[in-house]
Amino acid sequence: MTPAPTQEPTVSVPDTPTETQLLVEPSSMSPRRRVLEGLLRSREFSILVVLLLVIAAATIKNPSFLLSSSGWRDLLLTPSMLILLAVGQAAVIITRNVDLSVGSVLGLTAYLTGRLFIDHPELPMVAVFVAAIVVGGLLGLINGLLVALARVPALVITLGTLYIYRGIVLSWAGSSRINASDLPSGFLSLGTAQVLTIPVLFIVAVAVLVAVGYYLYTARSGREFYAIGSDPDAAVLYGLNVRRRVVGAFVLSGALAGLAGVVFAARYGSVSSDAGTGIELQAVAAVVIGGVAIFGGSGTVWGAALGAVLLVTINRALPMLGIPDFWQQALVGALILSAIVLDRVLAARQSRRLVEARDPS
Amino acid sequence: MDTVSPESAAPPTLTLRDVAKSFGQVVALRSATLVAHPGSIHALVGENGAGKSTLIKIVAGVHRRDGGDFLLAGEPADFGSTAESKAAGVAVIYQEPTLFPDLSVTENIFMGRQILGAGRRIDRAAMHAEAARLFAGLGVHIDPRRPALGLSIADQQIIEIAKAISLDARLLIMDEPTAALSGVEVERLFAVARRLRDEGRAIVFISHRFDEVFDLCDTVTVMRDGEYVATRPIAGTSVEEMVGLMVGREVSDLFPKTPAEIGDPVLEVSGLTARGVFHDVSFTVRSGEIVGLAGLVGAGRSEIARAVFGVDGYESGSVRMKGRAVSPRDPGAAIRAGMAFVPEDRRKQGLVTDASVTDNIAGVIRGSLAKLGLLTKGMENRAVAPWADRLEVKTSSLDMFAKTMSGGNQQKVVIAKWLATKPTLLIIDEPTRGIDVGTKAEVHRLLSELAGQGMAILMISSELPEVLGMADRVLVVCEGRLTADLPRESATPQAVMHAATQTREVAS
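These protein sequences, in sequence, are chains A and B. Residue 1 is where the first sequence starts when you use the UniProt record's numbering, and the numbers rise one by one after that. Residue 1 is where the second sequence starts when you use the UniProt record's numbering, and the numbers rise one by one after that.
Treat the hints as calculated values from the structure; they're not laboratory data. Glycine included, every Cβ here is placed at the ideal spot set by N, Cα and C.
Computed Cβ-Cβ distance ranges for the label pairs, DEER-style:
| # | chain 1 | residue 1 | chain 2 | residue 2 | range |
| --- | --- | --- | --- | --- | --- |
| 1 | A | Arg344 | B | Arg121 | 30 to 38 Å |
| 2 | B | Glu489 | A | Leu149 | 52 to 60 Å |
| 3 | A | Arg151 | B | Gly139 | 39 to 47 Å |
| 4 | A | Val152 | B | Gly139 | 41 to 49 Å |
| 5 | A | Pro153 | B | Asp69 | 35 to 43 Å |
These stretches of chain B come out as covered by chain A in the derived footprint (C-beta under 8 Å, 3 or more residues):
| # | segment |
| --- | --- |
| 6 | 76-84 |
| 7 | 99-110 |
| 8 | 116-125 |
A partial selection of chain B residues facing chain A, derived with a Cβ cut-off under 10 Å:
| # | residue |
| --- | --- |
| 9 | Ala60 |
| 10 | Gly61 |
| 11 | Val62 |
| 12 | Ala87 |
| 13 | Val92 |
| 14 | Tyr94 |
| 15 | Arg113 |
| 16 | Pro147 |
| 17 | Ala148 |
Let the sequences and hints guide you as you build the complete structure.
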């Protein structure tokens, strides 16, 4: 339906540029076209394009990057762990918080996984998975409660728990490490197992991604994550249960970091006390590259997962393309900066429009 | 227990009787009374600080009352959260609506109570359709799918109203909804409000614009200093009577301005304009003169002061100090030209609360204190002590952290900080906000004394008695324009209120 030009004068039609009229008029596009345009314009789509370009470039240089069976497997398997962390991190950042402790949670649960297999060989594998997820969730619960109740920024709280959780691993593991020979072969084969050429761990990561993505998009409580991140004060005025959602986001992030710990053990076979050190920053980087606003309220876990895949794939592709070490790091940095600058530019353009639309002179 | 009054069939939608509320020492409401009936638009008017907003927040569940009766449709009510008041059918539309900018218009309307389809998943199609239906019912065109970010204030209010209707709110409170709207947008809002009234809802409308009150409302309640003053049918009252009821108090001797010799112009502002904030503002402040800048909250007074001092920019116009132009957007240049600025929010803008009294006062004069680029604690303390003495800042030590001091003492530190720069013009925004009565008088005495020594003072204040008592001349700002320049003799409460509530001509 196109807006009729002859409306009664009581309807607000700003007599300033046509652009502002478009802002308040109902969309005249057909639903199918709107969905298509939205898709093409989305951040997820542009990351996908960049990702495909990176893969294409690496494959042209060295066809085994994609076309060999191990190349295809590694392409999906390597990012699996970071996808899990990025999905949890995205949920937290969407609520305008951040979880820096995930690397330490991962290290703790990876070591726990190894210890359970060594000390309790009778435990079924499922029990180990559940134990790691529950422990991760509990550590996340501690983060969430501290953030929600103490009203200290999550950045500070989780920076503190980053060191505390790492300290627990250090004092527990000491200099001992879990070796592949300590782990049951059934568990280790999980690290490389494939179903129809797709690695099992990747399927796990995608299953989690789909579940969380579906929840955040279609559940009332999932939408509240976005509302809280978009404007925490407004969320209180709306009568939303802000604390419960924030705690929920941290529990989710912790539980997924716990799951990522098991994935770490299965994939690498050896776990020492420094497992996962620094990976929290990769998770944040993946989320930011994936288009989740660092101040919350917008973005999707799909984007965050794609950001994780892009980050890992770039790290693997650049050496293959003969790019020196320094430029590999710098390129990742440039990617993060351009993602953030892009967000700021878009936001500034929007708010400028608002001011112009409001001012009649 | 039934509270139905004999003359009306249905009980009033809202009954507030003798409601009291204090925040610590500050009494916001003494005895507020407001009775709103279904199918009626009830105006609530009063000066800044009369307690209107506090009263509304009690109804909205933001604050809890300390005493008095609160009934909704005859039933006792007491809300501990906004969720409770919402569930009871109360909707509040604030001057600046609180929407989630990243979310779609539809999500903003339905957040927390989205329409669910199969498997408890959100049914977006149904929600968009319902939002479109609500907008159609209101006679407005807003795309339900677009994000709330970038919507005009007027459209944001419409979304709040749509939300209220979808909740089937029986009581709709609008807190100065028209303050940020253009003429056309006001008309649209009024059309919507009348439609809601005709559906039998009760509407409470807070506004400073009398023409709007007379245009839209059928009853008016006046508040002053946290107390109920009177309720009148609109047909039986006049602007003069309302102004009289609003200001009806005498300017006490609490504000002693001693006459000072008024000299040459110090500050000359001409044609100052910042789009959407203030327009064509021109005035002069002479030495020895206290000029009061009066007006309603949000009229643009602080914005004018900030632009004059160079904190914010402006598009056109000029600021001159003693005949010499001061470059825009450069507080450093303003300070060198002899200006000092004591801002409204002293904790955020005027004071480093985590620093000592000395550091705060010496902060702006460090450059001139330093010898050979070096600065010692002793030099700072020697420079600062006389100022602190003079203002009788009560602290055990100048090393005390500013944040531990009372509001009054903090204000004195901020003033001392600026007096140390030996300014010729002092701009002071809300000099006595949040300060106890005794210190208030000290601040007033100080300002008067400074003027007596030839300083030019531009004082912004929302307290009418303070402006009238202190100022040699009162400038009234209304919606970004100067609407009156009143010498002391003719600055009556009525004259100032009239100028401050003048309605803007619709830009054509």
